[in-house]
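Going line by line, the protein sequences match chains A and B. Quick note: the first sequence, position 52, residue 51 per numbering that gives the first Met the number 0, numbers continuous. Quick note: the second sequence, position 26, residue 25 per numbering that gives the first Met the number 0, numbers continuous.
Hints were generated in silico from the structure; no laboratory data involved. All the given hints hold, so there is nothing to weed out.
Keeping only pairs whose Cα atoms sit at most 35 angstroms apart, straight-line, the calculated DSBU-like set for lysine-lysine is:
1. B:LYS202 x A:LYS222
2. A:LYS151 x B:LYS202
3. A:LYS181 x B:LYS204
4. B:LYS232 x B:LYS133
5. A:LYS151 x B:LYS204
6. A:LYS197 x B:LYS133
7. A:LYS212 x B:LYS133
Pair by pair, the computed Cβ-Cβ distance ranges are:
8. A:ARG140 x B:HIS50: 49 to 59 angstroms
9. B:GLY183 x A:ALA173: 46 to 56 angstroms
10. A:ALA185 x B:LYS133: 43 to 53 angstroms
11. A:LYS11 x B:ARG288: 50 to 60 angstroms
12. A:GLY71 x B:ASP93: 40 to 50 angstroms
Every residue gets a Cβ at the ideal spot worked out from N, C-alpha and C, and that includes glycine.
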Amino acid sequence: MSKILSNRRVSKDFYLMRAEHANGARMGQFYLLRAWKHYPVLSRPVSVFDADGATLSFLYKVVGRGTEIFSGLEAGGEIELRGPLGNPFPDVTGKVAMVGGGAGVAPFYLAAKQLKAGHPQCRVDAYLGFSDDAFLVDDYRQVADRVLVNVKGFVTDEIEPAGYDHILTCGPEAMMRALYEKCERAGLAEKLYVSMEKRMACGVGACFVCSCKTRDGNKKTCKDGPVFKGTAVFG
Amino acid sequence: MGDGLRTEFAGIAFKNPVVLASGTCGFGREYNEIFDIQRLGGLSSKGLTLHARAGNEGIRVWETASGIMNSVGLENPGVRGFIDDELEWLNGLDLVNIVNLGGHSIDDYLEGVELLNGVDLDILELNISCPNVKEGGMNFGVKTQVARDVVRKIRAACRHKLVVKLSPNAEDIVSLARACEEEGADGISLVNTFLAMAVDVQKQKPVFENVYAGLSGPAIKPIALRMAHQAAKAVHIPVMGAGGIATWQDAVEFVMAGASIVQIGTGSFIDPFTALNVVDGMEAYLNSRGIGNISEIRGVV
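Chain A with its partners taken away, still in its complex shape:
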């Protein structure tokens, strides 16, 4: 069990929780979170928002019973964290765009931080799409070179793929598909990496519940992903 250091509301439906947990988490990986014993049956897969070796932060949206329970946890309480799970975003450099929508903005705080730390010459532009109020924008400004915010529109309208060496995205499938198509029209589909979200059960690749169709056949989102080449999923 890990001790919760803070758990605060950052917008209407979103919370940011930080907990003590020794880790080597990389950008785009996730943990299974659990704050109850038997029920609900399943743990909740949540992407890492921030990690510093001794603590982990998770940005989550309250959508059902599990995340509702999370939202009621207080500093000093405990939560079970299992991970890191899945494959991270690739360790790229150059000019990098990160395009997140809704809860899909979560992995890009750590991604910007880790890419900039690993590659001082790397330039990161974060495109953040929100369907309601924007949140944590100042935090993203601390780690990215430029932050573009879109509220209630299409964040994919903001980006010009030709300006980047690599594009990383996470968010609603329709948003990621639109971005893929934009990249593809420009002949730049190979630049894009997508992080897929699927309902999961075991979280470790044993149950075939989170299969993702790819060009190379079905892949397990939890184990083979959640990060895939855009061409593999949408090509």
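Based on the hints, put chain B in the right spot on chain A.
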């Protein structure tokens, strides 16, 4: 570990009676990264079909009170893929290798059995909860007569120990269990998932593409226990009990109801260490009660 949990099932020795249930543990590799699965008695493979299957479209898992519904649709690498990529590894492990086989026609089943006859494995677990595509999609395990026919044909063809996994959607679980025994099955396992449903009230549509899905987890345990009890009382062949086992107490209930082996499925999603905890908890229980071997409490209720 002492011998208190040693169990013989149809002539096969299990170091303990705890088995990972088909469909919840892949081919064992993933859970083996979390703990040494050789501490368990056995593993029942992901359900195989003659040919590889990509599984169902749409949402595959949905949570309900104390349970989950799944509609994976038997995504699997096919019998040949299994033999080529997984079998050698499984046979190299010190646990009972149970291979689960499904089919959508008698011919599929028989061809799958034929291929598996050519390799080593410990037990073939026959999944008869699949829709029979030639008979309008009715699950093979619903009507005793249909199930009897499948078991008879497979028994005649299969050189391995044969355990039939029963569907709780059977019209008559007792007559189904008896039919399996009469047709020469070496054992039965029960229960598979219960046919269930969920509706998305926003979309005003069923959650699952196939409309119905299989319910598992603690929600079904009392019904599964009752069915295992009824079946165990009705036959002389050994029984593997399954259905919502999440604690060692649940497992002991199944043993007391007559099961020789218990299978842990959805329980592993609650906690990947559930099966190990069941082993340890059962052993501690036997020790605390001065019971020499688990068989002494089998079927006592």
